[in-house]
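Chemist: Start from the sequences and build out the full structure, keeping to the hints where you can.
Keeping their order, the protein sequence lines are chains A and B. Start counting the first sequence at 161; every next residue gets the next number (the numbering used here). Start counting the second sequence at 415; every next residue gets the next number (the numbering used here).
These are computed hints drawn from the structure, not numbers from a lab. Keep in mind that the hints are not guaranteed to be accurate.
As the list claims (entries may be wrong) - Chain A is nowhere near these chain B residues, computed Cβ spacing over 12 Å in every case:
#1 MET521
#2 ALA579
#3 MET600
#4 ALA602
#5 ILE615
#6 HIS624
#7 GLN666
#8 VAL669
Unchecked claim - Calculated pairs, BS3-like style, for lysine-lysine (alpha carbon to alpha carbon, straight line, at most 27 Å):
#9 B/LYS614 / B/LYS547
#10 A/LYS284 / B/LYS480
#11 B/LYS451 / B/LYS495
#12 B/LYS562 / B/LYS547
#13 B/LYS433 / B/LYS495
#14 B/LYS433 / B/LYS480
#15 B/LYS614 / B/LYS454
#16 B/LYS562 / A/LYS284
#17 B/LYS495 / A/LYS284
Stated by the list, open to error - Among chain A residues calculated to face chain B with C-beta under 10 Å, some are:
#18 GLU279
#19 THR282
#20 MET283
#21 ILE297
#22 TYR302
Owing to the predicted nature of the structure, the values given are computational and were not obtained by experimental measurement. Glycine is no exception: its CB is placed at the ideal position from the N, C-alpha and C atoms.
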Amino acid sequence: MKFSFESLLNAGGSRLTYGLLNLRILGWILYGFTRPGILVPSQILSQIIRIGVQAIPMASLVSLSVGFILAMQSSTELGKMGADSFIPDLVSLSLMRELGPLLVAIIVVGRSGSAVAAELGTMKVNEEIEALRVMAIDPIRYLVVPRFIALIIMLPCMTIFGNCVGLVGGWAVCTLEMGMPSSFYIMRAMQRPELWDLFSGLIKTAVFAHIIITIACYQGLNVEGGAEGVGRATTSAVVYSILWIIIADTILTGLFYFVL
Amino acid sequence: MSPTPKKTNPSSDVILEVKDLVQSYNGRAVLNGLNFKVRKGETFVIMGGSGCGKTTLLRILIGAQKPTSGSVHLFGEDITKASSQELDRIRLRFGMNFQFGALFQSMTVGENIALPLQEHSQVDPSLIEMIVKMKLELVGLTGFENFKPSELSGGMRKRVGLARALALDPELLFSDEPTSGLDPVMTAVVDQLTLDSTRKIGVTAVVVSHDMTSCFRIATHMLMLGNGPRQGEIIAEGTPDEIRANPDPFLQQFVRGEADGPIAFRLSQDDYLKHLLQEG
Ligand SMILES: Nc1ncnc2c1ncn2[C@@H]1O[C@H](COP(=O)(O)OP(=O)(O)OP(=O)(O)O)[C@@H](O)[C@H]1O
Ligand SMILES: [Mg+2]
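Modeler: Given below as structure tokens:
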């Protein structure tokens with residue numbers, strides 16, 4: 161049989177397993193690049209705003225707090241060894257490699273993943289998904305793909321932004337509390353990380369975005385049984401997303417540590 | 415008008431054909447071996463008591479659900495065996511008005527009606543806006559474009575659902591209880607709309623309803639599904655006159671809307687006692 165994107169779009173017929181969902185998203189995105197009108201920029205933009213931009217204040221607050229915490233916690237221990245000057249390094253490295261991607265992802269799970277699962281679940285219960293199908297509009301293309309692309313774009317952006325805010329938190333503690341000169345903090349925090357430190361964090365972020373949005377959409381589209389089902393799907397989306405994010409984080413960190 | 419050869423051949427203008435359709439849930443047959451045909455230009459009304467499987471039947475007819483067994487030929491193609499792409503092609507030729515509207519809650523009324531046009535027609539936005547206004551006028555909702563479905567009454571939502579189903583000017587319209595929850599005037603308006611679509615534009619309509627006045631007003635062909643002891647079978651089928659003349663007591667009770675008759679709403683005194691004592 162000749163391979164075609166079209167066969168990916170409807171993989172599995174009316175069943176929707178997690179694997180099939182992923183296949184169909186991939187199919188629609190590839191298909192969307194060959195055919196205009198499939199990926200609608202205005203829809204992607206509105207999702208970028210709803211599931212990305214609107215989560216920025218919360219993500220910033222958390223990143224800022226983590227910046228404070230990192231600087232304060234490390235200053236007690238590093239201070240004893242007279243290694244105060246390494247605090248900026250520690251703050252920026254931990255944020256870029258690990259804490260930035262992880263914490264922003266967890267905020268987005270709680271804020272946007274749950275919202276997507278609840279929204280799609282309500283649409284399922286309300287027969288809106290059915291109505292889309294009957295109008296020959298594929299719900300994966302119309303509902304899932306814009307959200308998927310939006311989060312894949314936004315989560316890395318939010319993570320970079322969060323990292324910057326976290327660095328400001330560390331700076332506040334170092335300069336105001338420990339009397340470190342600002343120029344010294346900025347120099348250390350910027351010089352120490354290599355490009356790879358940023359990239360390894362961003363690779364994690366892309367994987368997390370994929371986990372968050374596919375699990376949320378999968379749970380939402382598979383809701384059965386009214387409002388109770390929507391509640392269950394939302395809880396599952398949050399719990400499974402966080403679980404898989406942490407598992408993926410462990411695997412990726414191990415990979416970067418041992419292999420690269 | 416000269417008679418076309420097609421008209422003389424009754425099988426060629428069959429739009430929808432259902433054969434030996436069975437749908438069971440957990441071993442309970444809700445639809446049990448249905449056979450019927452809908453011809454072009456008909457207003458085919460499906461009647462039956464609450465829970466007799468009308469919505470289930472409609473869902474199968476539009477390909478939203480695969481039946482346990484049997485076949486459904488829509489425009490000559492068996493939709494129970496069609497692939498998703500084939501189904502999508504067929505779906506562009508009919509509209510569906512859901513029992514509870516199934517409107518997109520996140521969109522305005524106007525956007526709801528515009529969606530099928532945006533997705534499936536190449537008309538430009540200003541024209542779409544005009545078509546939306548026309549469809550809203552048809553169902554008596556001029557000026558409600560910017561309302562959200564949650565800001566409408568149940569009957570208004572139903573009418574938006576009907577307007578959306580008619581957005582692409584389908585050849586075939588499925589309508590699940592389009593008039594339940596509407597006041598008498600709006601019932602007449604919606605019935606008139608169905609009549610206009612079928613008589614003037616030539617749309618074929620398959621309408622589920624248990625409002626007898628409106629059934630007899632619009633139907634050119636009627637089908638009554640049984641429930642209770644006769645769950646899942648066709649009790650009667652025919653033109654409105656045939657239905658009125660049908661002596662079946664089950665049917666007559668339904669048509670006249672009487673509480674006493676073969677349609678048992680409650681258990682008899684003895685059965686009731688037995689049922690209660692068994693439980694205890
Ligand atoms: N998903 C399902 N699982 C199990 N049983 C179902 C399911 N859907 C419908 N049924 C059963 O099928 C029967 C018919 O339901 P349906 O919704 O088709 O009734 P209806 O004729 O449309 O009734 P109403 O006039 O009240 O809308 C009911 O007895 C219902 O319990
Ligand atoms: Mg029903």
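Chemist: Give a verdict on every hint.
Modeler: Now for the hints, and whether the structure bears them out:
1. The claim that B/MET521 lies off the interface is violated: its Cβ sits roughly 10 Å from the closest Cβ of chain A, which falls inside the 12 Å cut-off.
2. For B/ALA579, the requirement that its beta carbon stay farther than 12 Å from each beta carbon of chain A is not met, with the minimum near 9 Å.
3. Once the 12 Å rule is applied to beta carbons, B/MET600 is consistent with being away from chain A; the minimum gap is 22 Å.
4. For B/ALA602, the shortest C-beta to C-beta distance to chain A comes to about 26 Å, beyond the 12 Å cut-off, and the non-interface label holds.
5. Non-interface status of B/ILE615 relative to chain A is upheld: no Cβ of that chain comes within 12 Å, the nearest being about 20 Å off.
6. Every Cβ of chain A is farther than 12 Å from the Cβ of B/HIS624; the closest lies at roughly 20 Å, confirming the non-interface assignment.
7. For B/GLN666, the shortest C-beta to C-beta distance to chain A comes to about 34 Å, beyond the 12 Å cut-off, and the non-interface label holds.
8. Its beta-carbon lying about 30 Å from the closest one in chain A, B/VAL669 satisfies the requirement of being farther than 12 Å from that chain.
9. Distance check on the hinted pair: B/LYS614 and B/LYS547 sit about 20 Å apart at the alpha-carbon level, within 27 Å; holds.
10. The suggested pairing of A/LYS284 with B/LYS480 holds, with an alpha-carbon distance near 18 Å, which does not exceed 27 Å.
11. The hinted pair formed by B/LYS451 and B/LYS495 meets the criterion: a straight-line CA distance of about 18 Å does not exceed 27 Å.
12. At roughly 16 Å between alpha-carbon atoms, B/LYS562 and B/LYS547 fall within 27 Å of each other, so this suggested pair holds.
13. Taken as a hint, the B/LYS433 and B/LYS495 pair is honoured in the structure, with Cα atoms around 13 Å apart against an allowance of 27 Å.
14. The straight-line distance between the Cα atoms of B/LYS433 and B/LYS480 is roughly 14 Å, inside the 27 Å bound, and the hint therefore holds.
15. Between the alpha carbons of B/LYS614 and B/LYS454 the distance comes to roughly 13 Å, so the proposed pair stays at or under 27 Å and holds.
16. Using a Cα cut-off of 27 Å, the hinted pair B/LYS562 and A/LYS284 holds, with the two alpha carbons roughly 18 Å apart.
17. Restraint check for B/LYS495 and A/LYS284: the C-alpha separation of about 24 Å stays at or below 27 Å, so the hint holds.
18. At about 8 Å, the closest approach between the beta carbon of A/GLU279 and any beta carbon in chain B falls short of 10 Å, and the interface hint on this residue holds.
19. Taken as an interface hint, A/THR282 checks out: its beta carbon lies about 7 Å from the nearest beta carbon of chain B, inside 10 Å.
20. The closest approach between the C-beta of A/MET283 and any C-beta of chain B is roughly 8 Å, which is under the 10 Å cut-off, so the hint is satisfied.
21. Proximity of A/ILE297 to chain B holds as hinted, the smallest CB-CB distance being about 5 Å (cut-off 10 Å).
22. Satisfaction of the interface hint for A/TYR302 is found here, the shortest Cβ-Cβ separation to chain B being roughly 8 Å, below the 10 Å cut-off.
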